[in-house]
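**Q** Next come the chains, spelled out residue by residue.
Number of protein chains: 2
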Amino acid sequence: MLLPHFVRRTHATHVASVAKRLPFHSQRAFHVSAVLRLLDMEKVNTSERLAELRKLMKEHQIDVYMVPSEDSHQSEYIAPCDARREYISGFSGSAGYAVITYDKAALSTDGRYFNQAEKQLDSNWELLKQGLQDVPTIQEWTADQVAGGKVVGVDPAVVTAGDARKLTDKIKKKGGEYKAVSENLVDLVWGKERPPRPSEKVIVQPLQYSGKSFEDKIADIRKELEKRKSLGFVASMLDEIAWLYNLRGSDIPYNPVFFSYAVVTPTEATLYVDESKLTSEAKEHLGDKVTIKPYDAIFNDLTALSAEAFETNGETTEKKKFLTSNRASWALNKALGGEERVDEVRSPIGDAKAVKNEVELEGMRKCHIRDGAALSEYFAWLEDQLINKNATLDEVDAADKLESIRAKHDLFMGLSFDTISSTGANAAVIHYKPEKGLCSVIDPKAIYLCDSGGQYQDGTTDTTRTLHFGEPTEIEKTAYTLVLKGNIALERVKFPKGTTGFALDALARQFLWAEGLDYRHGTGHGVGSFLNVHEGPIGIGTRVQYSEVSLAVGNVVSDEPGYYEDGKFGIRIENMIMVKEVETKHKFGEKPYLGFERVTMTPHCRKLVDTSLLTEDEKAFINEYHQEVFDKTSKFFENDPLTMAWLKRETAPY
Amino acid sequence: MLLPHFVRRTHATHVASVAKRLPFHSQRAFHVSAVLRLLDMEKVNTSERLAELRKLMKEHQIDVYMVPSEDSHQSEYIAPCDARREYISGFSGSAGYAVITYDKAALSTDGRYFNQAEKQLDSNWELLKQGLQDVPTIQEWTADQVAGGKVVGVDPAVVTAGDARKLTDKIKKKGGEYKAVSENLVDLVWGKERPPRPSEKVIVQPLQYSGKSFEDKIADIRKELEKRKSLGFVASMLDEIAWLYNLRGSDIPYNPVFFSYAVVTPTEATLYVDESKLTSEAKEHLGDKVTIKPYDAIFNDLTALSAEAFETNGETTEKKKFLTSNRASWALNKALGGEERVDEVRSPIGDAKAVKNEVELEGMRKCHIRDGAALSEYFAWLEDQLINKNATLDEVDAADKLESIRAKHDLFMGLSFDTISSTGANAAVIHYKPEKGLCSVIDPKAIYLCDSGGQYQDGTTDTTRTLHFGEPTEIEKTAYTLVLKGNIALERVKFPKGTTGFALDALARQFLWAEGLDYRHGTGHGVGSFLNVHEGPIGIGTRVQYSEVSLAVGNVVSDEPGYYEDGKFGIRIENMIMVKEVETKHKFGEKPYLGFERVTMTPHCRKLVDTSLLTEDEKAFINEYHQEVFDKTSKFFENDPLTMAWLKRETAPY
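The listed protein sequences derive, respectively, from chains X and W. All residue numbers for the first sequence refer to UniProt numbering, where the first residue is 1 and numbers rise by one. All residue numbers for the second sequence refer to UniProt numbering, where the first residue is 1 and numbers rise by one.
Please note that the accuracy of each hint is not assured.
Partial chain X-side listing against chain W, Cβ under 10 Å, derived [unchecked claim]:
hint: 1; residue: Ile475
hint: 2; residue: Thr500
hint: 3; residue: Ser547
Pairs of lysine to aspartate or glutamate, DMTMM-like flavour, derived with a Cα cap of 25 Å [what the hints assert, rightly or not]:
hint: 4; chain 1: X; residue 1: Lys477; chain 2: W; residue 2: Asp343
hint: 5; chain 1: W; residue 1: Lys170; chain 2: X; residue 2: Glu474
hint: 6; chain 1: W; residue 1: Lys494; chain 2: X; residue 2: Asp566
hint: 7; chain 1: W; residue 1: Lys485; chain 2: X; residue 2: Asp134
hint: 8; chain 1: W; residue 1: Lys174; chain 2: X; residue 2: Asp144
hint: 9; chain 1: W; residue 1: Lys587; chain 2: X; residue 2: Glu565
hint: 10; chain 1: X; residue 1: Lys619; chain 2: W; residue 2: Glu618
hint: 11; chain 1: X; residue 1: Lys229; chain 2: W; residue 2: Asp343
hint: 12; chain 1: W; residue 1: Lys174; chain 2: X; residue 2: Glu224
hint: 13; chain 1: W; residue 1: Lys591; chain 2: X; residue 2: Glu474
hint: 14; chain 1: W; residue 1: Lys172; chain 2: X; residue 2: Glu340
hint: 15; chain 1: W; residue 1: Lys334; chain 2: X; residue 2: Glu515
hint: 16; chain 1: X; residue 1: Lys319; chain 2: W; residue 2: Glu224
hint: 17; chain 1: W; residue 1: Lys619; chain 2: X; residue 2: Glu616
hint: 18; chain 1: W; residue 1: Lys497; chain 2: X; residue 2: Glu565
hint: 19; chain 1: X; residue 1: Lys174; chain 2: W; residue 2: Asp63
hint: 20; chain 1: X; residue 1: Lys585; chain 2: W; residue 2: Glu344
hint: 21; chain 1: W; residue 1: Lys319; chain 2: X; residue 2: Glu177
hint: 22; chain 1: W; residue 1: Lys619; chain 2: X; residue 2: Glu224
hint: 23; chain 1: W; residue 1: Lys320; chain 2: X; residue 2: Asp134
hint: 24; chain 1: W; residue 1: Lys229; chain 2: X; residue 2: Glu616
hint: 25; chain 1: W; residue 1: Lys619; chain 2: X; residue 2: Glu177
hint: 26; chain 1: X; residue 1: Lys227; chain 2: W; residue 2: Asp134
hint: 27; chain 1: X; residue 1: Lys320; chain 2: W; residue 2: Asp144
hint: 28; chain 1: W; residue 1: Lys485; chain 2: X; residue 2: Glu224
hint: 29; chain 1: X; residue 1: Lys591; chain 2: W; residue 2: Asp144
hint: 30; chain 1: X; residue 1: Lys591; chain 2: W; residue 2: Glu565
hint: 31; chain 1: X; residue 1: Lys174; chain 2: W; residue 2: Glu340
hint: 32; chain 1: X; residue 1: Lys166; chain 2: W; residue 2: Asp288
hint: 33; chain 1: X; residue 1: Lys580; chain 2: X; residue 2: Glu624
hint: 34; chain 1: X; residue 1: Lys494; chain 2: W; residue 2: Glu224
hint: 35; chain 1: W; residue 1: Lys172; chain 2: X; residue 2: Glu618
hint: 36; chain 1: W; residue 1: Lys320; chain 2: X; residue 2: Asp144
hint: 37; chain 1: X; residue 1: Lys170; chain 2: W; residue 2: Glu344
Quick caveat, the hints were computed from the structure, so don't treat them as lab data. Positions of the beta carbon are idealized from the N, C-alpha and C atoms, including for glycine.
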């Protein structure tokens with residue numbers, strides 16, 4: 001699945017910081033109401049909410065109030081209780097930023113949502129269409145409101161320390177002040193109607209799947225602390241905390257995480273979580289090696305910890321500091337005592353988590369065999385329904401069927417993201433999400449793109465296949481084959497240790513480029529191990545970070561080039577690949593050479609391949625892959641002649 | 001020719017800032033003495049020099065004095081009068097940094113120079129071998145000397161403002177102080193023996209070669225100033241000033257530049273240069289549109305200019321600033337009033353200069369035809385000498401012959417860098433520079449690598465060809481062919497506008513990588529138009545800057561993959577290529593698609609190609625190129641049967 005902030009916006013690189021989150025719709029009830037709202041694009045009357053908010057702003061001596069989309073952990077998906085921007089503005093899209101003054105209210109969003117925002121915002125709101133010429137960013141718009149010493153407030157828990165610093169400067173330059181207001185004013189307006197913070201059970205991710213005890217992980221972090229001469233690391237990203245303690249939750253849809261913070265110092269390991277969420281098994285698992293404290297206690301605790309550390313530490317010439325992720329909130333940073341006491345870094349837990357151990361890699365292989373079998377069964381079923389049974393199926397019906405097939409498999413825990421099930425022109429909408437009642441009926445004569453994944457206890461999957469059940473056009477076949485060639489080129493490449501994902505990106509694009517084609521998103525993202533389907537710090541693409549972190553043995557990334565013709569069709573081919581050491585004839589500089597193992601186990605679409613565009617090497621590579629897919633997944637279809645026939649046909653050698 | 005700071009050092013990325021300059025040996029006399037010194041690696045007795053320096057340090061209340069290798073313009077090559085680090089330490093290598101305390105003296109350099117430094121440094125000096133484990137960088141070593149309030153001094157003209165800021169922090173953290181001392185203390189010690197600053201004539205680069213009047217260039221800079229709301233741009237890089245005013249000099253070897261500064265404000269254009277250097281033609285050319293002031297007047301003038309600007313400018317809320325290049329010196333930055341008044345940016349002149357106009361591109365094409373003819377004549381001559389005449393030729397004899405052939409051609413102004421003429425194992429030394437008396441005799445049974453270029457009034461050339469006059473080994477042929485495939489892959493690629501040179505780098509390496517081979521340098525650098533053979537900001541490789549600046553129509557870059565086996569042989573194939581718009585079947589997103597035109601006009605080495613490794617497309621591409629080489633250069637050999645026969649043989653189709 002594409003990273004949401006993966007899409008290149010031609011005129012709008014400055015939008016990235018505000019438009020970087022995907023939809024959430026965290027629980028079923030919430031989901032349904034959002035869908036109903038979408039159906040008629042119902043406007044919420046925000047007059048009363050805004051009036052109450054402005055009263056609170058006055059009480060807090062604030063002239064402007066900023067409401068970003070993020071939660072306190074900079075999560076990609078958020079829980080309903082954190083949907084403050086949606087509550088205050090009425091706009092339910094995934095990307096947006098609201099700012100309220102005494103007489104104005106502005107919401108900024110990007111091109112994907114202009115239409116929806118226009119329908120959902122009531123007359124209280126001004127829409128800032130990001131990416132259009134002369135439209136200010138929300139930060140610029142805000143800075144324009146502050147002349148003469150106005151005060152801009154924000155909940156410091158929902159912005160990063162870095163973003164807060166930038167905005168502080170911007171607002172100061174215009175003569176205003178940026179101020180942290182620790183009570184979230186939207187929450188106060190929302191009051192009792194606000195959904196409670198999820199309190200789903202937290203379970204153990206056993207050693208047979210995690211491959212490394214939390215004690216060993218903590219020991220590694222402590223080595224890192226020693227190396228960096230640091231007082232301790234404060235973890236705030238939910239997937240990092242789940243990984244560290246080998247625990248999993250379900251507070252946020254698709255991401256098996258739970259609301260928490262963690263602190264590791266040279267002597268202490270603490271988990272901030274509501275203790276009632278922990279199963280007895282989880283409590284036992286942590287034992288006396290981890291101190292459990294309430295979720296909300298983190299801020300006071302950090303302040304005390306910092307005061308104590310700097311009392312004993314203040315006299316040395318080389319001051320040690322605390323470490324936080326560079327995505328940690330301003331609130332955390334302030335609690336620790338600010339810049340003087342904190343180094344904001346690329347998280348050492350994130351770095352460690354990206355390098356999967358042998359057990360995790362084996363889990364990835366195994367769950368991809370089950371998941372690949374599920375996909376093949378689904379594709380065979382879909383073809384049979386559409387072609388032989390002339391069934392009428394809409395995109396959501398189909399996605400639901402796929403989920404039910406996945407659910408039959410061992411260790412299935414849920415989907416890893418909303419299935420993108422899209423027919424014809426919908427496939428060209430990169431972040432398309434079919435909604436019941438709004439979505440299209442699948443056209444058996446058009447391209448069908450399916451981007452989906454599952455959470456299994458032994459790993460996380462994410463696969464895209466583009467199919468055609470009828471007669472594809474020439475351009476569809478050409479584009480598919482060029483995308484496939486790029487996908488293969490990346491999977492076949494060998495490269496010396498030290499190479500980054502930035503450097504490999506062009507390999508996946510070169511064949512499209514040669515024909516003047518391209519795709520406006522990255523080529524690959526990191527994937528968690530029964531964790532978030534999107535994880536850093538590595539990836540394949542032209543993000544700055546991808547040029548800073550080398551690919552390493554044990555990394556798991558997606559390989560998903562595509563091609564999209566607006567209003568016509570879309571193609572994407574996505575495999576999960578794992579970095580491994582490879583044999584090469586020579587070994588220049590005694591450096592290890594690396595390459596990829598592909599673990600996704602479902603065939604490419606035969607009908608869409610123009611074999612005349614493939615080299616013999618490419619054909620051999622595909623044949624070998626298809627043979628592997630057949631060998632590893634056909635056992636599932638011994639009593640399923642339909643799928644077996646489909647699989648045999650699709651994996652037959654070229 | 002390889003960028004000097006192009007070489008990847010496995011364990012020593014932190015060395016880059018100190019090890020980024022190439023040898024200079026600016027004038028013949030200086031050059032010869034350096035060679036004599038090298039021959040017996042004579043030690044200079046630095047006791048007296050150091051004693052005098054320490055006296056001056058005391059007078060200036062300085063405990064530590066830093067002597068970097070750079071001149072005041074961060075030039076790649078420096079004039080003899082700027083070789084302060086060599087003078088004070090006795091070490092003549094290109095890369096190094098000297099630091100002197102009252103009782104210690106340290107010199108740091110990288111692996112290329114350990115041997116030479118050990119031989120040249122006398123007992124006063126401690127050698128810091130950069131890249132070896134536990135060896136501090138010169139900055140770390142310096143910071144370790146300052147506990148208890150020691151003062152570190154430096155001439156602020158020879159360090160960049162950015163480097164000064166970093167070092168200020170580092171030294172402050174350790175309890176010391178970093179202080180600018182505007183008199184260069186080494187110059188004071190050097191006294192009368194110090195060579196004078198070169199005062200070569202400054203001539204006009206006429207419109208027929210520059211393609212754009214300096215008035216138009218100034219107008220463009222002013223537009224840029226307006227766009228950036230800036231008070232003025234202070235140019236400090238010598239090639240930028242030469243380009244801006246369409247002037248050329250010869251103060252620095254190989255680089256047709258002259259010592260100067262320039263200031264462009266919305267109303268004034270000033271050139272700081274010793275007026276006596278300007279030919280009457282140059283004075284007339286500048287007329288009354290440019291104010292000429294003495295070279296040394298820049299600092300006082302900037303202080304006055306800044307004072308005046310901020311007097312009139314200080315009251316607006318959004319303060320305008322001056323712009324300097326991010327490579328401008330600390331001295332310039334201080335003269336303007338420091339960070340508060342200066343934005344350090346990627347130079348807008350550098351950006352403009354990198355995009356050649358049609359006249360410059362045509363000049364590049366033309367001079368590469370003459371230069372290619374010179375190379376073919378040379379290679380034919382060399383083969384004949386070695387094989388038919390059994391001549392004994394050393395690497396310098398051969399290089400001299402090449403220079404004399406180039407010199408016969410129209411518009412030849414000199415070499416664009418020291419010719420790398422290297423036989424056998426010497427070809428594996430990436431920055432090899434043959435010295436008469438030290439160099440090897442060319443072995444007709446070994447690989448010969450020649451990296452050379454000329455300055456012509458209509459352009460600058462830079463070509464590497466690797467030849468074999470006997471029977472190459474299998475690995476030599478394989479490696480050559482893999483390098484050639486990479487060279488071709490880059491030249492053939494088509495890519496959408498917006499793509500960077502970072503993204504294309506892997507294309508040139510992919511075939512080597514597949515066999516476990518690689519090269520430890522970048523793939524390409526920008527090239528000037530009758531200017532420096534190395535220029536920014538674009539290039540092909542994994543430097544951060546190459547990921548920040550997109551390639552644009554009119555850029556001229558080298559394409560020079562290679563492969564080196566220490567102690568055995570080296571291969572590099574370098575063509576100059578120019579970015580142009582290309583036709584593609586489709587045009588996704590209505591973006592222009594770009595590609596390369598290659599302008600280097602001398603054949604690849606037939607003997608070293610293993611055709612079994614080439615695809616039909618690659619063979620066709622080479623055949624087409626060789627046909628073009630023949631068509632464009634054979635006219636030079638109508639009365640030269642030797643070269644004509646050689647050219648016919650080497651360009652015959654595969």
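**Q** If a hint holds in the structure, say so; if it doesn't, say that too.
**A** The hints, checked one at a time:
Here the hint on isoleucine 475 of chain X is kept, as its CB sits about 9 Å from the closest CB of chain W, short of 10 Å. Taking 10 Å as the C-beta contact cut-off toward chain W, the hint placing threonine 500 of chain X at the interface holds, the least distance being around 7 Å. Residue-level restraint check for serine 547 of chain X holds (minimum Cβ-Cβ distance to chain W is 5 Å; threshold 10 Å). Annotation: proposed proximity of lysine 477 of chain X to aspartate 343 of chain W is violated, straight-line Cα distance about 51 Å (limit 25 Å).
Pair hint lysine 170 of chain W plus glutamate 474 of chain X does not hold up; C-alpha atoms about 62 Å apart against a cutoff of 25 Å. Between the alpha carbons of lysine 494 of chain W and aspartate 566 of chain X the distance comes to roughly 23 Å, so the proposed pair stays at or under 25 Å and holds. Distance check on the hinted pair: lysine 485 of chain W and aspartate 134 of chain X sit about 46 Å apart at the alpha-carbon level, beyond 25 Å; violated. The suggested pairing of lysine 174 of chain W with aspartate 144 of chain X is violated, with an alpha-carbon distance near 42 Å, which exceeds 25 Å.
The suggested pairing of lysine 587 of chain W with glutamate 565 of chain X holds, with an alpha-carbon distance near 11 Å, which does not exceed 25 Å. Of the supplied pair hints, the one linking lysine 619 of chain X and glutamate 618 of chain W holds, its CA atoms being roughly 20 Å apart against a limit of 25 Å. Taking the CA atoms of lysine 229 of chain X and aspartate 343 of chain W, the gap is near 34 Å; set against the 25 Å cutoff, the hint is violated. About 23 Å separates the Cα atoms of lysine 174 of chain W and glutamate 224 of chain X, which keeps this hinted pair within 25 Å; it holds.
Restraint check for lysine 591 of chain W and glutamate 474 of chain X: satisfied, since their Cα atoms lie roughly 23 Å apart, inside the 25 Å limit. Note on lysine 172 of chain W and glutamate 340 of chain X: the hinted pairing holds, with a Cα-Cα distance of about 15 Å set against a maximum of 25 Å. Between lysine 334 of chain W and glutamate 515 of chain X the alpha-carbon distance is near 52 Å, which puts this suggested pair outside the 25 Å criterion. Only pairs whose Cα atoms come within 25 Å are accepted, and lysine 319 of chain X paired with glutamate 224 of chain W is rejected, the gap being roughly 44 Å.
Straight-line distance between C-alpha atoms of lysine 619 of chain W and glutamate 616 of chain X comes to about 18 Å, which keeps the hinted pair within the 25 Å bound. Taking the CA atoms of lysine 497 of chain W and glutamate 565 of chain X, the gap is near 19 Å; set against the 25 Å cutoff, the hint holds. A threshold of 25 Å between alpha carbons decides the hint, and for lysine 174 of chain X with aspartate 63 of chain W the separation of about 44 Å lies outside it, so the pair is violated. Proximity of lysine 585 of chain X to glutamate 344 of chain W is assessed by CA-CA distance (about 47 Å); at most 25 Å being required, the pair is judged violated.
At roughly 18 Å between alpha-carbon atoms, lysine 319 of chain W and glutamate 177 of chain X fall within 25 Å of each other, so this suggested pair holds. Proximity of lysine 619 of chain W to glutamate 224 of chain X is assessed by CA-CA distance (about 52 Å); at most 25 Å being required, the pair is judged violated. A C-alpha spacing of about 21 Å is found between lysine 320 of chain W and aspartate 134 of chain X, which places the hinted pair at or below 25 Å, so the restraint holds. A threshold of 25 Å between alpha carbons decides the hint, and for lysine 229 of chain W with glutamate 616 of chain X the separation of about 58 Å lies outside it, so the pair is violated.
For the proposed pair lysine 619 of chain W and glutamate 177 of chain X, the alpha carbon gap of about 66 Å is over 25 Å, so the pair is violated. Simply put, lysine 227 of chain X and aspartate 134 of chain W have alpha-carbon atoms about 14 Å apart, close enough for the 25 Å limit, and the pair holds. For a cut-off of 25 Å, the pair hint linking lysine 320 of chain X to aspartate 144 of chain W stands: about 18 Å separates their Cα positions. Under the criterion of a C-alpha separation no larger than 25 Å, the hint pairing lysine 485 of chain W with glutamate 224 of chain X is inconsistent with the structure, at around 43 Å.
Our distance criterion of 25 Å between C-alpha atoms is broken by lysine 591 of chain X and aspartate 144 of chain W, whose separation comes to about 34 Å. For the proposed pair lysine 591 of chain X and glutamate 565 of chain W, the alpha carbon gap of about 14 Å is at most 25 Å, so the pair holds. For the hint linking lysine 174 of chain X to glutamate 340 of chain W, the alpha-carbon distance of about 16 Å falls within 25 Å, and the restraint holds. For the hint linking lysine 166 of chain X to aspartate 288 of chain W, the alpha-carbon distance of about 45 Å lies beyond 25 Å, and the restraint is violated.
Taking the CA atoms of lysine 580 of chain X and glutamate 624 of chain X, the gap is near 18 Å; set against the 25 Å cutoff, the hint holds. A hinted pair counts as satisfied when its Cα atoms are at most 25 Å apart, and lysine 494 of chain X with glutamate 224 of chain W does not qualify at roughly 44 Å. Between the alpha carbons of lysine 172 of chain W and glutamate 618 of chain X the distance comes to roughly 59 Å, so the proposed pair goes past 25 Å and is violated. About 18 Å separates the Cα atoms of lysine 320 of chain W and aspartate 144 of chain X, which keeps this hinted pair within 25 Å; it holds.
Among the hinted pairs, lysine 170 of chain X with glutamate 344 of chain W is consistent with the structure: their alpha-carbon atoms are about 18 Å apart, no more than 25 Å.
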